[in-house]
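> Residue-level listing of the chains:
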Amino acid sequence: MLRIGRHRRFWQRALTGLAVLGIVASAGCGGGNAAQTGTGQANNPIKVGFNFELTGSIATFGQHTWQGAQMALDEINSKGGVLGRKLEADKLDNKGDNSESTNVTTRLVSDGVVAIIGPATTGDSLAAAPVVTDAKIPLIATSATAVPVTVENGKVRDWVFRVCFIDPVQGVVGADFAYKQLNARKAVILEDSTNDYSKGLAAAFKQQFEKLGGKVVLEQGFTQADQDFRSILTTARTKNPDLIYVPAYYDKVGLIVRQARDLGITVPMMGGDGWDSPDLVKLAGAQALNNTYFTNHYSSQDPDPKVQAFVQAYKARYGDAPDGFAALGYDAVYLLADAIKRAGSAEPDKIRQALAETQGFQGVTGTISMDRNHNPVKPVIILEMKDGQQTFKARVTPQQG
Amino acid sequence: MTAILQQIVNGLSLGSIYALIALGYTMVYGIIKLINFAHGDIYMVGAYVAFFAVTLLSMNLGVALLLAMLAAALTGVLIERIAYRPLRNAPRIAALITAIGVSFILENGGILVLKPDPRAFPDPIRWRQIRLMGGSLVLSTQDLFIVGVTVAMMLLLVYFVQRTRTGRAMRAVAYDMQAAALMGVDVNRTIAVTFAVGSALAAVAGVLVGLYYNRIDPLMGLVPGLKAFIAAVLGGIGSIPGAMLGGYLLGVIEALVGGTQFSLFRDAVSFALLILILLVRPAGLLGRNVREKV
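Note that the protein sequences, when read in sequence, are chains A and B. Counting from 8, one number per residue, gives the positions in the first sequence under the numbering used here. Counting from 294, one number per residue, gives the positions in the second sequence under the numbering used here.
Don't read these hints as lab results, they were simulated from the structure. One or more of the hints may lead you astray.
[Unchecked claim] BS3-like cross-link-like pairs, simulated, lysine-lysine; straight-line CA separation at most 27 Å: (1) A:93 - A:393; (2) A:313 - A:93; (3) B:326 - A:289; (4) A:218 - A:187; (5) A:206 - A:162; (6) B:408 - A:322.
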């Protein structure tokens with residue numbers, strides 16, 4: 008007590024500053040990765056880098072993409088590999104953190120990989136793009152759907168490709184479904200303002216929904232740090248919407264859907280491929296998720312024999328049905344193997360050339376033909392959540408985007 | 294109009310969480326003048342203990358809650374013993390930095406041991422929704438439960454501090470540590486008890502927040518910890534009713550701001566509020582402006 012009291016005001020002010028700093032710096036946290044290094048001798052395995060969100064708040068994205076990729080690698084290697092060489096994986100964790108994704112990409116490049124598969128998300132892919140562009144190593148983003156991932160200032164990024172559709176396509180399909188099938192006329196959009204994917208998808212949905220004659224009665228932002236959405240949802244409720252569109256990742260969507268239902272909001276809720284995770288059901292609860300829909304890359308209920316063969320093999324290996332991320336990881340590895348085969352070489356530049364020329368590649372998520380912006384033109388699947396199960400609702404093949 | 298009422302209901306639940314954590318801040322500050330920055334992370338520890346008790350040991354929620362309180366109390370006492378007691382007579386900045394260090398250890402240790410992925414907290418209770426005013430005001434039994442538990446905890450705490458022997462010792466140590474020691478109060482034990490009680494309350498908050506959001510992760514204590522600190526300062530750090538008032542005030546303000554177009558600035562508003570209050574009332578709303586002798 009003694010001489011401390013005199014400084015009380017000072018302390019309180021100093022701590023205020025500290026508290027503000029704490030919030031700003033809150034994201035940083037350490038951790039280690041096991042480095043896998045190998046020597047790059049010719050004639051030996053082809054080293055492929057994998058940069059995924061293996062831990063963190065959106066860990067199922069990276070984990071499942073990797074599981075799909077790993078299965079494809081093993082299948083290819085058990086059949087003798089590509090060009091007589093095995094594919095060797097160099098896998099690193101970006102923790103779902105954009106700056107970590109840059110670090111991981113740099114490490115993969117210095118490890119001497121010939122191509123990189125991943126990251127899964129838009130933000131992490133955008134963070135990796137400049138590194139691969141400088142290093143001239145092709146990168147296949149698996150589920151990064153935002154436009155700027157492959158196109159920067161109207162110019163295609165030469166070294167960045169993806170195996171998924173893009174948000175303008177996904178948003179248009181979602182808005183069409185909301186307006187025509189769900190008969191929604193008044194929509195509320197809740198978007199993660201700290202996330203490029205979320206903002207891009209929200210804009211695409213809004214544009215199409217309003218073009219059709221619908222009205223967006225409220226557009227409200229939140230941040231990645233938010234846990235409590237009751238206040239936003241209370242405001243949303245006063246607007247009496249027919250639909251709430253939440254283009255965000257499952258960890259936020261789970262909270263939002265649950266809290267919306269708690270507040271007595273029963274209208275349909277919709278989102279994009281960021282909803283695709285088994286953890287969504289755990290976070291929101293099966294009951295709360297009834298009457299929700301999302302656009303996705305594929306459905307494990309697709310009767311296509313190629314899809315079913317993949318689903319069975321995946322189930323046999325990992326126990327669960329594969330989600331869209333697993334399917335994209337699987338396709339990305341096969342696409343890369345296909346490109347190496349067509350190029351007849353595992354040199355990064357030749358692989359890049361072959362990837363850009365991809366036409367009619369048959370994957371489990373549909374046929375992939377790269378357009379001039381390195382975006383495949385693919386169908387969009389609409390899934391409905393019924394008692395915690397993803398059920399196939401519709402398949403939409405968009406016009407050339 | 295009912296929207297504002299609904300926001301107040303939302304704010305009261307949120308405020309309860311802040312208030313429970315703020316009580317721990319305020320008690321520790323009251324007695325050793327230390328801002329225990331690790332307090333928010335003890336709340337995380339409590340939530341995880343309850344999580345594992347329910348999922349792995351399939352305990353019922355009440356028992357899990359008690360276990361969580363016990364584990365958190367133990368953690369609090371251990372931290373005090375290892376990290377703060379040796380620094381009790383050191384300059385206060387040293388203890389403060391140690392507190393921040395302990396907070397980082399708990400957070401990153403949590404990431405290492407518990408994995409950074411969020412987990413779904415089991416919710417074994419079937420909450421019901423009470424619709425008032427034609428459905429435009431929805432009150433969940435969960436809201437009532439959270440506010441009820443918080444108020445009950447505070448009443449218990451007030452009783453403990455005002456009416457029991459240990460409570461009296463706590464007040465004596467807070468008033469003048471050396472004089473209390475001269476009067477035969479076991480200062481070390483009293484401070485340990487303060488940490489134990491404060492940490493147990495944080496564990497209650499951790500379990501309530503697990504039920505409320507159904508989601509826990511190792512960094513969950515970071516933001517609520519800072520907010521609760523604001524709440525404690527807002528109400529007047531060192532004051533128990535002040536911590537409650539500050540918590541509820543902050544919760545309601547956040548809910549009201551969150552419902553407007555300024556939802557993105559919700560946290561900025563909280564911190565701006567703290568700065569404003571400190572400028573106008575440096576001792577906080579219910580804090581005594583003690584003029585201390587040197």
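> It remains to establish, for every hint, whether it holds in the given structure.
A quick look at each hint next to the structure:
1. In summary, the hint linking residue 93 (chain A) to residue 393 (chain A) is not supported, as the alpha carbons are separated by about 42 Å, beyond the 27 Å threshold.
2. Between the alpha carbons of residue 313 (chain A) and residue 93 (chain A) the distance comes to roughly 24 Å, so the proposed pair stays at or under 27 Å and holds.
3. Between residue 326 (chain B) and residue 289 (chain A) the alpha-carbon distance is near 42 Å, which puts this suggested pair outside the 27 Å criterion.
4. Taking the CA atoms of residue 218 (chain A) and residue 187 (chain A), the gap is about 13 Å. The hint holds against a cut of 27 Å.
5. Taking the CA atoms of residue 206 (chain A) and residue 162 (chain A), the gap is near 21 Å; set against the 27 Å cutoff, the hint holds.
6. Restraint check: the Cα-Cα separation between residue 408 (chain B) and residue 322 (chain A) comes to about 25 Å, which is no more than 27 Å; the hinted pair holds.
Of the numbered hints stated above, those contradicted by the structure are hints 1, 3, listed in ascending order.
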